[in-house]
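**Student:** Chains as they are written, first to last, in this note's numbering: chain A, 172 to 416; chain B, 172 to 416; chain C, 172 to 416.
No lab work stands behind these hints: they were computed from the structure. Glycine included, each C-beta is placed from N, C-alpha and C at the ideal position. Hints should not be assumed to be uniformly reliable.
Distance ranges between label pairs, derived from CB positions [unchecked claim]:
1. B:Asp389 to C:Gly252: 56 to 62 angstroms
2. A:Ser288 to B:Lys300: 52 to 58 angstroms
3. C:Ser317 to A:Ser288: 53 to 59 angstroms
4. B:Glu329 to A:Glu236: 35 to 41 angstroms
5. C:Thr339 to B:Asp367: 26 to 32 angstroms
6. B:Gly223 to C:Glu329: 36 to 42 angstroms
Example chain C residues on the side facing chain A (calculated, C-beta under 10 angstroms, incomplete) [to be verified]:
7. Val247
8. Arg267
9. Ile272
10. Gly273
11. Asn274
12. Ile275
13. Arg277
14. Asn280
15. Lys348
16. Val352
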Amino acid sequence: MFKAEIKSETLKGLVNIISTLIDEVKFTIDQDGMSLKAVDPAHVAMIELNVGAKAFESYSASETEIGLDLDKVKSVLKLAGPGDIITMEQDETQGRLVFKIGNITRRMNLVDTSSMSDAKVPQLTLSAKIGISIDQLQKGIRAAESISDHISLKADPEGFELSCEGDTDYASLRVDKGDLVSLDASTPVCSLFPLDYFSNLVKAVPSGTEVVIELDNDYPVRMLFGLANGEANVCYFLAPRIESD
Amino acid sequence: MFKAEIKSETLKGLVNIISTLIDEVKFTIDQDGMSLKAVDPAHVAMIELNVGAKAFESYSASETEIGLDLDKVKSVLKLAGPGDIITMEQDETQGRLVFKIGNITRRMNLVDTSSMSDAKVPQLTLSAKIGISIDQLQKGIRAAESISDHISLKADPEGFELSCEGDTDYASLRVDKGDLVSLDASTPVCSLFPLDYFSNLVKAVPSGTEVVIELDNDYPVRMLFGLANGEANVCYFLAPRIESD
Amino acid sequence: MFKAEIKSETLKGLVNIISTLIDEVKFTIDQDGMSLKAVDPAHVAMIELNVGAKAFESYSASETEIGLDLDKVKSVLKLAGPGDIITMEQDETQGRLVFKIGNITRRMNLVDTSSMSDAKVPQLTLSAKIGISIDQLQKGIRAAESISDHISLKADPEGFELSCEGDTDYASLRVDKGDLVSLDASTPVCSLFPLDYFSNLVKAVPSGTEVVIELDNDYPVRMLFGLANGEANVCYFLAPRIESD
Chain A
172 MFKAEIKSET LKGLVNIIST LIDEVKFTID QDGMSLKAVD PAHVAMIELN VGAKAFESYS
232 ASETEIGLDL DKVKSVLKLA GPGDIITMEQ DETQGRLVFK IGNITRRMNL VDTSSMSDAK
292 VPQLTLSAKI GISIDQLQKG IRAAESISDH ISLKADPEGF ELSCEGDTDY ASLRVDKGDL
352 VSLDASTPVC SLFPLDYFSN LVKAVPSGTE VVIELDNDYP VRMLFGLANG EANVCYFLAP
412 RIESD
Chain B
172 MFKAEIKSET LKGLVNIIST LIDEVKFTID QDGMSLKAVD PAHVAMIELN VGAKAFESYS
232 ASETEIGLDL DKVKSVLKLA GPGDIITMEQ DETQGRLVFK IGNITRRMNL VDTSSMSDAK
292 VPQLTLSAKI GISIDQLQKG IRAAESISDH ISLKADPEGF ELSCEGDTDY ASLRVDKGDL
352 VSLDASTPVC SLFPLDYFSN LVKAVPSGTE VVIELDNDYP VRMLFGLANG EANVCYFLAP
412 RIESD
Chain C
172 MFKAEIKSET LKGLVNIIST LIDEVKFTID QDGMSLKAVD PAHVAMIELN VGAKAFESYS
232 ASETEIGLDL DKVKSVLKLA GPGDIITMEQ DETQGRLVFK IGNITRRMNL VDTSSMSDAK
292 VPQLTLSAKI GISIDQLQKG IRAAESISDH ISLKADPEGF ELSCEGDTDY ASLRVDKGDL
352 VSLDASTPVC SLFPLDYFSN LVKAVPSGTE VVIELDNDYP VRMLFGLANG EANVCYFLAP
412 RIESD
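Construct the complete structure from the given sequences, taking the supplied hints into account.
**Tutor:** Encoded structure:
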């Protein structure tokens, strides 16, 4: 059983993040909220998302799973104006989810989740930890685009740097320690990542969000941030590109 | 003879409606105003439009016909800003229409109307009559898109419903009697229509317009509404899609 | 040696004008400013641009040349917000130009200028001289589009006219002497020009700019205008299309 009301902006924020990675998803639901662990088809990135019951205007559920096609959920979101409340209700007998926005009813078949296994979240100890505004990262991404397919993230005791080097061009964004939210990097670390994955995620995070980046040498990056006024938490992993010499 | 001045917004509103159906049109003109009866090339929909002389800022005409390519008229409308007055004058000796907007002159050859016959307006008695804001219909159209190629319009003594059913998805907009402008439906009626035609018309009608929908079982729908502060009247017919069982 | 700071809007205005003609350009630089003489690949139009040191927020240079790919400069401009200052510095040892905007660094290889010769500016005496707001020309261009590939510019003692004639359509913009900034045309003159070149330039000039047009019969047109609060000067030539009878 699952029935909940949610602000359209909140649902939109969650869907925007998940759909950078995957279209069909399985939400695991219980009385305290819903969660998701998903890997992209190429197994390059992973999202772990936990949405607490308080992220909803009202929430009532027992243990269940629902499989959703996020493109369809996006088409529902387009029907909602800012401030609209969206009601979602599972129609268990028929394997459907029913959305209501004002006098509009939108029903969709659920996606079969029997073949969807939960992704296994890697346990990593990463030596550097950077607290930064997503707006800085968004600025850096814009500078890096059209220069190379890869982006380098670096941290040292004095600051954080995002850079991109092509054959004839180079772009970088340097944020000194004083302009970061926090910085814990006793030794310099650096890893290279695919620009498209990193860029898609960074652009989907709402302006003003504070992100924690955990980084090491030639290791995956872990990014942590909150959505829905902190009632939802995202943990995003991205595999590094190891340069062969 | 035909010479008239019209607000650019008024002309734009008229052209937007007609061009949902057809590109080349014949206007029949006399001293009281201009009118048009047009069927789309597939004979699925029909528009009857009457524009009274009072819809114009100034109007002076004797009996005549002018054939226009609406794509060209749209390119003229793009030259006008809000509040601009457009002058139109028939150049009878040369079969041309001359538009003037401020210090811009735009002349175009008229389309030959000799092969354009007036469409015959069907005489129908339809049992249900619904007065509704176009904004409600526009909301319903957005919900129905991407679900099916057809849309169902229903009325019963308690309200009006627009719905769309696909293989895995369903969308509907229900407007109860109290939220309608008027409702006269003693028994339930329902017909199915091609979504693209209905959608194109509904989107072309200015927000805030009140529309009268006349409906019956498996019959054409008739939609009536005013433009140009009520000085122009539109009557739109759309043929139903009869479902074969 | 070249190091300068410039407002992003100023740099954008200059790049917009030059890039209507050519992508790779050579700037000739000395202590007083930078200049450029460029012809488009088809040798139909020419730009002569002089940017004085006062157009920059700070400027320090000795004689040098820099070759730039304007598409890359445009990608740098997209990183700057309104009011941002862009620092440019030549990295002579490595043949690069380094741009800085806040904490973003963007470096690009210079284009080889050895094969780029300066265009030779034609010396012309043209009999008519028209001072006009670019906004009038922009309005005229919009009216002419989709009618023909060529545009006619005319001046006579009473005013200026831009017109375009196709097989079935005609558009013109007439500006009477009183609505011009200035007019010096003792006898009527008229020349025909390729619409695309003229249109691209006219659209790139900022709204509100006053342009001087020098015109004669079947001769090139010369257009003169200032940018960067008059600290930069543009002289644009466009070859006429001579109609064969």
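**Student:** Give me the numbers of the hints this structure contradicts, sorted from smallest to largest.
**Tutor:** 15, 16
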